[in-house]
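Participant: Chain by chain, the residues run as shown.
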Amino acid sequence: MTIGMTTTQDRGGQKKVGPAMRLLRLLANSRELTLGILVLSLVVVMSIAFPLNFPTAANIRAVLLNLAPVGIMVCGMMLLMIAGTFDLSCGSTLALSGVAAGVVVGWWGWPPQMGVVAGITVGALCGMVNGLIVTGIGINALIATLGTLAIFRGMTYVLAGTGVTPISDAFARYGQATDPIFGIQSLFWVMLIVALVIGFLISQTPFFRQYYFIGGNARAAKLSGIRVNRMLMLGFTLMGILSGLAGVLYAARLNSAVVNAGVGIELKVITATVLGGASLKGGEGRILGGILGVLFIALVENAMIINRVGVFWQGIVIGLVLLFAVSLDRFKNNQRG
Amino acid sequence: MTAAPRLDISEVSKSFPGVRALDAVSVRIEAGEIHALLGENGAGKSTLGKIIAGVYRADGGAVKLDGTELVDIDERDAGKLGIAIVHQEGSLVGQLSVAENVFAGRQPTRWPGRIDRGLMNRQAADLIARLGVAIDPRRRVADLSPAEAQVVEIAKCLSLDLRVLILDEPTAALTLTETERLFEIVRALAKEGVTVVYVSHRLAEIFALCHRVTVLKDGQHVGTRDVAGTTTADLIRMMVGRDVALDRAKSGHATGEIVLQAEHISATPLVRDMGLTVHAGEIVCLAGLIGAGRTEFCEALFGARRKESGSIRMAGKPLDPREPSDGMQAGIGMVPEDRKQSGLFLDMSVRDNITVTVARSLTNGMLKSDAKAGAVARRFIDEMKIATPSDKQIVGNLSGGNQQKVLIAKWLAMAPRLLIVDEPTRGVDVGARAEIYRLLRSLAARGVALIVVSSDLPEVLTLADRVVVMADGRLAGELPGESATEEDILALATKATTSVVIVDAPQTRSHL
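The listed protein sequences derive, respectively, from chains E and D. Last residue of the first sequence: 336 in numbering that gives the first Met the number 0, with the numbers rising by one and none dropped. Last residue of the second sequence: 511 in numbering that gives the first Met the number 0, with the numbers rising by one and none dropped.
The set of hints was computed from the structure by calculation and includes no laboratory data. Here the structure is a predicted model, which means the values were calculated and not measured. A few of these clues could be false.
[Unchecked claim] With a Cα cut of at most 16 Å, we get these calculated EDC-like pairs of lysine to aspartate or glutamate:
1) E/Lys-221 / D/Glu-29
2) D/Lys-63 / D/Asp-7
3) D/Lys-384 / D/Asp-428
4) D/Lys-216 / D/Asp-22
5) D/Lys-216 / D/Asp-233
6) D/Lys-316 / D/Glu-262
7) E/Lys-221 / D/Glu-336
8) D/Lys-391 / D/Asp-369
9) D/Lys-391 / D/Asp-337
10) D/Lys-63 / D/Asp-76
11) E/Lys-280 / D/Asp-428
12) E/Lys-221 / D/Glu-322
13) D/Lys-190 / D/Asp-22
14) D/Lys-216 / D/Asp-428
15) E/Lys-221 / D/Asp-325
[Unchecked claim] Anything over 12 Å on all C-beta distances counts as not near chain E; from chain D, calculated:
16) Ala-3
17) Arg-75
18) Val-132
19) Leu-157
20) Arg-162
21) Ala-203
22) Asp-225
23) Ile-257
24) His-263
25) Gly-280
26) Arg-312
27) Val-355
28) Ser-368
29) Ala-374
30) Arg-378
31) Ser-454
[Said to hold, decoys possible] Derived list of chain E stretches under chain D, where covered just means 3 residues or more per stretch with a C-beta under 8 Å from a C-beta of chain D:
32) 202-215
33) 224-232
Using N, Cα and C, we set each Cβ at its ideal position, and we do this for glycine too.
Hey, can you work out the whole structure from these sequences and the hints?
Facilitator: This is how it looks when you write it as structure tokens:
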């Protein structure tokens, strides 16, 4: 709170604003609404501009399939960012988990179910390592997960060299099976289920809502009887499990465990999460926003591909989108004073 | 015609969006006068101080300095004219040295523009010496005690040719002895002809220090009085607009069974072999100097700090809390001293704040129940008269007193058997203060055991059934609430091993 605002707010807190300000503030405060409008406008504009390329079943399916791994990870990242922290190592976790699944199924000949179990277990372990470093040693999440980002990626190379290709046809079915109605691959449905479950947990159960208090004021949360370290440990582990799940499904989809899978994906995940309404200070955000953020980024990318914008431009656009999202965040905080 | 007063404030008004912070306020203040601006939170006293110092611009009216009207000045212009303000929040940069802070942005330089550190340190030392204090100008500000930092703030103002010094709640972080030293400095400055505008809501300080007092209420000028010709009751009536009774506790009422029994608690370096017993329905006030280990002792009981040795029994059952949640399970609540850093979730709603301690039981099956949480929150809003438009209001938008009530409500929601309250009325105005006292007493009457940590001696005497004084992490003595005096308490708090206090707890060693 700035010094200048204190007196104002002590005495009622309401301020006179014009309609334009009110609209801007509504948009800044309801991120889901803003994003929903953006997504819809993008869909409408693209459908009109490229009626042959954009609104086709094949294109929509491709978009939904491509966004699924990011969407799964956004659910974990949203949880962490609500708690005021984040995980940069999720892309490396994804690769390590995928490779673990590939190794046990493709090289050791274990049954495909065991590949799924192995991949998710490795993801959970990666998450626990992050959690231990952050809560146990007390290194901040930026440095801790930057370190594990390099370590997990290195372990992926050490474990599998150039990767495992092919893994096995039975294993590939986990990522390639399509449903009979919409013809969309299982990856998307898994993402949808993950988002629904985690969204429900975060918004409806007191246990998961503790993350909002931790992000709002970690010290006060601890002094209010919330076991902050235990909750953060759980949050990082969940992030690991979801990254592992994404890694396994990604490997299954390609029937190949690629060692450089998910390089740079943390940028996309964090961009989508912030775009979806997470505040860098913590205490804010909802899963719906995160998923809309993923959808928006996926559509922007799709639009660039259809427009034949060079692949090098994608980084620039995504970076700009991230900055735009954070500026909205600043505006909102200014409004609160 | 008489000479123009040092400060002539006439018909000054200031509005913030939606709020009239000052409404045509006029005051004349003479050279060498120590003039108090008194009022509850939000009365407009800080705003007036900031207008004089050029931090804010008035919407209407005029401020004249020695007969010359100040037009469109900012803080820097005011500084050049000899008007300086020491802010409530402090304006020092912790990582830099004392001298660099004193001369922030105006460091003496040597060709070709390099800071002349030798000269700067000498000049800073001189300025600080003028305040009768010795602080090494090369020390980092972050390493100073709050009292020393206050001295540096004032020295920063002295580096200008000072005509008006505005002090905004300068004693908030100071101990009693440090406050005394600050007063001496202020008196000395006034003798040199500096006009001091002293913004405060602490009545005792105004009687100890100031010549005249102007009372503001809701932006209006209620009156200006000679301090010698007025009484505490008068001033409170002017501030609050009604009589506020702050009676002393009628002690000696029957207390119940033992709730807390703590023996030989140590949590070095601040708590050493401290013991305490508290009965149901009893208010025990923990008094002592800052750094005596009172807060730390309570934290060890609650689980916010790990005790190294000693035993705790809550209602007869042994307790060894590792985390606050352990203390809570045993029925202990603790209202922390620093409500913004450690107490409240400022960006969250009143409802979320009040129900955080019990959120996991306000459920339908496994799901949260907004109806149940809302009902709990509204019950406390009613019972404690928390002024908020609804239970969904963001806590950061409430006034200090109401925030404090939310903080206490949060702990009442879990129905504690023992409630520890650390500085229950810090930053709370007189009206809300009386309500908080009444509330704490009614809790005790309902059989809750209370430990109140307070550095405010009148508060201790108002609340305590029993006064327990700590010094140097140990029990220094105990006094019955109804007959204890401020002198008794101070004697116990300071009698102990003063030399040891200085060695072990640097924050109690003040140069003020």
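Participant: For each hint given before, does the structure comply? Return the numbers of the non-compliant ones in rising order.
Facilitator: 1, 9, 11, 13, 27 and 28
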